[in-house]
Every structure is written in C-alpha cells, then in structure tokens.
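Undergrad: Here are the chains, one letter per residue:
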Amino acid sequence: MNNIFVYCEMEGGKIADVSLELMTKGRELADTLGCELEAVVIGNNLEGVDKELARYGADTIWTAEGKELDPYRTLPHSAILCGLFKEEKPQIALMGATPIGRDLGPRVSSALHSGLTADCTSLVIGGHKDNRSGKEYENLLYQIRPAFGGNIIATIINPDCRPQMATVREGVMKKEEAAKPGKGTVKAIDWKKYVNDTDFAVKIIERQMEERKINVKGAPIIIAGGYGMGSKDGFKQLFELADVIGGEVGASRAAVDAGFADHARQIGQTGVTVRPKLYIACGISGQIQHTAGMDGSSMIISINTDPEAPINKIADYAITGDVNDVIPKMIKYYKQNSK
Amino acid sequence: MSKPLKIVVLAKQVPDTRNVGKDAMKADGTVNRAALPAIFNPEDLNALEQALILKDMREGSTVQVLTMGPPRAADILRDAMFRGADGGILLTDRKFAGADTLATSYALSRALVKINPDIIVAGRQAIDGDTAQVGPQVAEKLGLPQVTYAEEIVSLSDDNGEIVIKRRLDHGVEIVSSSLPLVVTVNGSAAECRPQHAKRVMKYKYAKTPSELQEADSDYMNSLCARKEYLNIQEWSVADVDADDNQLGLAGSPTKVKQIENVVFQAKEAKRLTAADNDINDLMVELIVSHTLG
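Just so you know, the sequences run in chain order A and B.
Using numbering that gives the first Met the number 0, read the first sequence as starting at 0 and increasing by one per residue.
Using numbering that gives the first Met the number 0, read the second sequence as starting at 0 and increasing by one per residue.
Check the hints yourself; a few may be wrong.
[To be verified] Taking lysine-lysine and the BS3-like style, the derived pairs with C-alpha atoms no more than 25 Å apart in a straight line are:
no., chain 1, residue 1, chain 2, residue 2
1, A, Lys-202, B, Lys-94
2, A, Lys-202, B, Lys-255
3, A, Lys-186, A, Lys-88
4, A, Lys-88, B, Lys-270
5, A, Lys-179, A, Lys-66
6, A, Lys-186, A, Lys-13
7, B, Lys-54, A, Lys-128
8, A, Lys-134, B, Lys-257
9, A, Lys-202, B, Lys-113
10, A, Lys-328, B, Lys-270
11, A, Lys-88, B, Lys-255
12, B, Lys-270, A, Lys-276
13, B, Lys-5, B, Lys-94
14, A, Lys-134, B, Lys-94
15, B, Lys-255, A, Lys-331
16, A, Lys-13, A, Lys-312
17, B, Lys-255, A, Lys-66
18, A, Lys-191, A, Lys-88
19, A, Lys-50, A, Lys-134
20, A, Lys-192, A, Lys-202
21, A, Lys-312, B, Lys-165
22, A, Lys-202, A, Lys-50
23, A, Lys-202, B, Lys-5
24, A, Lys-85, B, Lys-255
25, A, Lys-334, B, Lys-270
26, B, Lys-257, A, Lys-128
27, B, Lys-255, A, Lys-134
28, A, Lys-235, A, Lys-66
Simulated from the structure, these hints should not be mistaken for laboratory data.
Could you put together the complete structure from these sequences and hints?
TA: This is the structure in structure tokens:
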C-alpha cells in the first residue's frame, strides 16, 4: 500500500523508453521513501514485460491484458487505472508526458480528485510547512517544471490529495537498470470489473504509426543548428560534420519553424530533451526554451558570430565566428588528427 | 434534414509567452505580466476553426465561446465573434482565482452543464501552462468521451450519431470515431483559424459584457445592446453556474505552488576561441585526446 506506481506505455510491442526512464526515477524515489515500486502495463501480448520491468526495479507488475486494450484508448485505460488506484492507494503515480500520458493523466486525476503536474523536469522528495495552517508535511513529491514559456521554474506539491501525479517527457530522466532487481511479482488485474461497454465508445478506425527514424535523443554527439544557419542548405554541412564525427543533427525551434530542419530534430522545451556527451550549437542564440532541452549535455561548444549570444553563458567552448567557416575546419582538423 | 449542433469552444486569454521581450522580466527577476500582450491562446483558435467548420457542415448550428478569466478576457470573445462565433460567455468571479487545472475544469464543467452542448471543442493546451489537462478533465467531469490531439474533423454522420476525427500524434496519425456528445481537443497542426471578417467586425464591435456596459455608462450603448440581443456577451458568476465553492479557486486545487524560481543563466566561464585554424585544430585535438570524439 501507498507505493509508487508507474503507468508503463507499450510502443511497438515493447515498454516505451519514457516508461523505463520513469521506472528508474521511481526506483530512486521508492528507495528514498522506503516503499515499493509497482508498474502497471495495459495492453495485449504482454509476455516478457515483467522480466524487463523487474530489471528496472519493479517489485510488483500489474498487467491488464486483452485485445480490446491495444492500441491505447482513453476510457478503458483510465477506468482500469482509476479502479486499481482506488484499491491500491498509491502515494505517487508517474506517467510519460506523451500523447498517451497527457491524454490519460488528466482524466485519472480528475476522477480521483488528485493533483497532476505536467511535463516535470525534476522529481524530488521533500518536506513542506503550510504557512496558513501551520501544518507540516513530510515526504512530499516536489514536482518541478518550467512554466510561463520557460521563464520560471515552479515547484508544485500536492499536500493533501493522493496519488501525487506527475508526467515527465521522454529523455528528461535517465534510463538505467536497477542496481538490485525488484521482486518482480506479477499480478493480473481483473480489469473487466472496472470497464463498461460505454468505455469503448471511441473506436479506432485506422492507425498509421511511423517508425522512429531520427533518433536525436539517443545520440551521444549532437550537432544542432539554429536560425543562424540561414537555410535548409546551410544545414547540409551539419549533416556532413555529423557523418564524420558520428553524431546526429538537431535543431532549435526557430530553425524548425523556418523549415530548415524536420520537427523530429527539434530540441528544447517543445521538442526533445537531450543530454549527449557533446553538444555543438551552431548559429543558436540560446533562448531558455532551447537550453532547457540541452543544458544537461556534458560538454557544450557554441559557434556564433555574436560573442554575447546567451548560449555562450552555458558553453564550455565559445567559438566566435561564422559557422560556414568553422564547420569545414572542424571536419578538416578532425580528419587530420583522428588517425 | 440533419439536426443543428450546439457547439461550445473553450478558450483562454493568455500572456504571449512566445514573444518574451527584454522588458518582460522586472529588475528583481520576476515576470512582468503587464509587458506581455494578452492574446487568444493559439491552439484555441485552431479549436474555433474546427467548430466553425462543423457549423458550416450543419445549417442552423451555433458556436458559443466559453472562457474563464478576468473581465478583460471578453476581448477574446469579441475576437471569436469577429471570426464567426455566434456568441460568448465569460465565466468570471473572484472565487475562481488561483485555480489549478482541476478547479478550472470543475468551473468550466459547471458552465457546460448549464449550456448542454452537443460537442465541446478546445485547444490542446495553453501556452502559459502547456499542461494539456483542462480538456480531458472537463470531459471526465461531464462523463463524456474525449478525443485529444485532433487535427481534422473528417466527417459527421447525417443523424449526428457518429463523428470521425483524425488525431495527430508524435509519431503518426490515428483516425477515430465517436458518438456525441464529446470533448475534442485540437492540435496546433490543425487548420489555422479564419481571419476576422470585416462585416462581422462591424456587426459585433459593440458586443459587451454587462460589466463593460456598466463601465461605459452610455445611454447609446445601453439602448443598442437592449435592442440587439447578439451584442450581449453573457457573464456568469459562481452563483450562475451553481458551483460548489469548495471545489473552486485555490481551495479546490489539489496542487499548490511551493516555490517559483526565475530562470537566470548560471554564469560559467566559457573558453573563448576564434575561427582561426590553430584554434579549431587545438580544439579538435583536445576533443580527440579526451575521447569526447572518436
């Protein structure tokens, strides 16, 4: 009872990365709180997911299996989650800030009258004293997220309502198997008792999911271009450099909006969050909306004609110069020195 | 003959956080809201367009825009009327203040119970919070199904029994069908909203809420609005929607803001380099030696 629950999303027959990232964070929080970590998987053909989730620290894996439950639909999944939460009374419930988690989370939080914080960038356990009532709380979940277009960072708490719910975007948390696997006890949910026929009111007629081709998030080296690249053509040299040094090309929102790069490459608050070992920012001024998605990079090199560009404040190396001049030199000197 | 639809669009007036200028932050580092223009939340405009498309599909249908906010939020209701909406409702009361998404959804759901629409269309999320929670929470409060991330209303059966909607997800599209009533939230990738129409601007420019009329204190305006029903923007308080005070505002919000931190760039000394050959050469050597590259 009062454990941490993670709703695990299925994607192409596998547990989605974002869910495993949340399991990693959930395990850490459970260890801090001295409680257990429980995973909930709803779908079809769930064979093998329990083993994987146990490696990520799951003590209990709740499964609801049925062909009507795959692909995801709002009402049956939220009915199952609400039913389960009413019985198990989790203190914390986490889900991915994906089209699924952002569809499901608010529905569940409304039904349970529990607070939900979207798109958290950090989750920490801490105490709180209510100034008005003087009441003190221990072991609350601090749900930390940027707000107001990224201009402020807010710490949100749910002092009185349970579960404390939060969604987190893919790539924000680290994904790591637990040092010690969880107990991995599998419990099948008798889900039909929670779901009515009317929960299937929305029918999926057709579904076309694209394979993820561009994987900016997983790349250890990212060469990102901004509006300063000037054109789609200007991005070509970034691809060249990426090819030579073994990286992936990313882009700022301004560059994506201008049509220089594909949306799948967008890094920042409205794109993906990345934490590569090397991030080369080319012609990116460094607005907070962008840096929020990359400031966890181990090393940042910026190339900008403006020596005062905000990006230089978080860069390890700030090259003042024209990308059209610098990139070819990087390629040249990498090739010269690497063998 | 198909039955006309009663359509409600949920909209929000938001500070334009996308255009945060230099004066947007005060000297003490707090957000200067006054420096940010208040705008029609962009995705709510996409929602309005879908509502207007539905109205065009069904002769005799009406589009009402519902917003919760301070008195000046009536601006977006007028804007919506200039673009094609038939009327607006402003949900305004001090008791609504400080609401999180759940308390907001509760208040909106109370107003929607009073309106009893066939379909509710909202933007996916508002740019000041980016939570995308209010649409689904309103749906849950009303016990209605929801279709989020909608990009296009594909079709509506003659008896209004089935609506087909295209959803745009991160990595694909989904075509779904549902019965009505229904809550739909619309993506920014959906069709842009039609612009204000000159004739409609002429027709609705004096549309006012009762408070605005009172403030204007003009006999001409009063008689104009008394003669022309469509110029009256409705204004509802907590009492008008029969809402439970305990579920409103700060008291009705399970989430509390513990702390607000303004984003300040951490000053860290960057090593300054030029585009000169020896600088770039040294850098590449350093990256290779440190195994950052290769």
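Undergrad: Holds or violated: Lys-88 (chain A) and Lys-255 (chain B), Cα atoms, limit 25 Å.
TA: holds (21 Å)
Undergrad: Check the hint pairing Lys-328 (chain A) with Lys-270 (chain B) against an upper bound of 25 Å on the C-alpha distance.
TA: Answer holds: Lys-328 (chain A) to Lys-270 (chain B) is near 18 Å, not above 25 Å.
Undergrad: Keeping to a limit of 25 Å between CA atoms, is the pair of Lys-192 (chain A) and Lys-202 (chain A) held or broken?
TA: holds (21 Å)
Undergrad: For the pair supplied as a hint, Lys-255 (chain B) and Lys-134 (chain A), confirm whether the alpha-carbon distance does not exceed 25 Å.
TA: holds (14 Å)
Undergrad: Quick one, are Lys-85 (chain A) and Lys-255 (chain B) close enough, alpha carbons at most 25 Å?
TA: With Cα atoms ~23 Å apart, Lys-85 (chain A) and Lys-255 (chain B) stay inside 25 Å; holds.
Undergrad: For the pair we were handed, Lys-54 (chain B) and Lys-128 (chain A), check the Cα-Cα distance against 25 Å.
TA: violated (51 Å)
Undergrad: Does Lys-94 (chain B) lie within 25 Å of Lys-202 (chain A) when you go C-alpha to C-alpha?
TA: violated (39 Å)
Undergrad: Hint check: Lys-312 (chain A) vs Lys-165 (chain B), CA-CA at most 25 Å. Holds or violated?
TA: Given pair Lys-312 (chain A), Lys-165 (chain B) is violated - Cα atoms ~43 Å apart, limit 25 Å.
Undergrad: Holds or violated: Lys-202 (chain A) and Lys-5 (chain B), Cα atoms, limit 25 Å.
TA: holds (23 Å)
Undergrad: Does Lys-5 (chain B) pair with Lys-94 (chain B) here, judged by a C-alpha cut-off of 25 Å?
TA: violated (28 Å)
Undergrad: Hey, Lys-179 (chain A) versus Lys-66 (chain A), does the alpha-carbon distance stay inside 25 Å?
TA: violated (33 Å)
Undergrad: So if I understand the rule, the pair passes when the alpha-carbon distance is 25 Å or less; does Lys-257 (chain B) with Lys-128 (chain A) pass?
TA: holds (10 Å)
This entry does not satisfy hints 1, 2, 4, 5, 7, 9, 13, 15, 16, 17, 19, 21, 22 and 28, going by the numbered hints stated previously.
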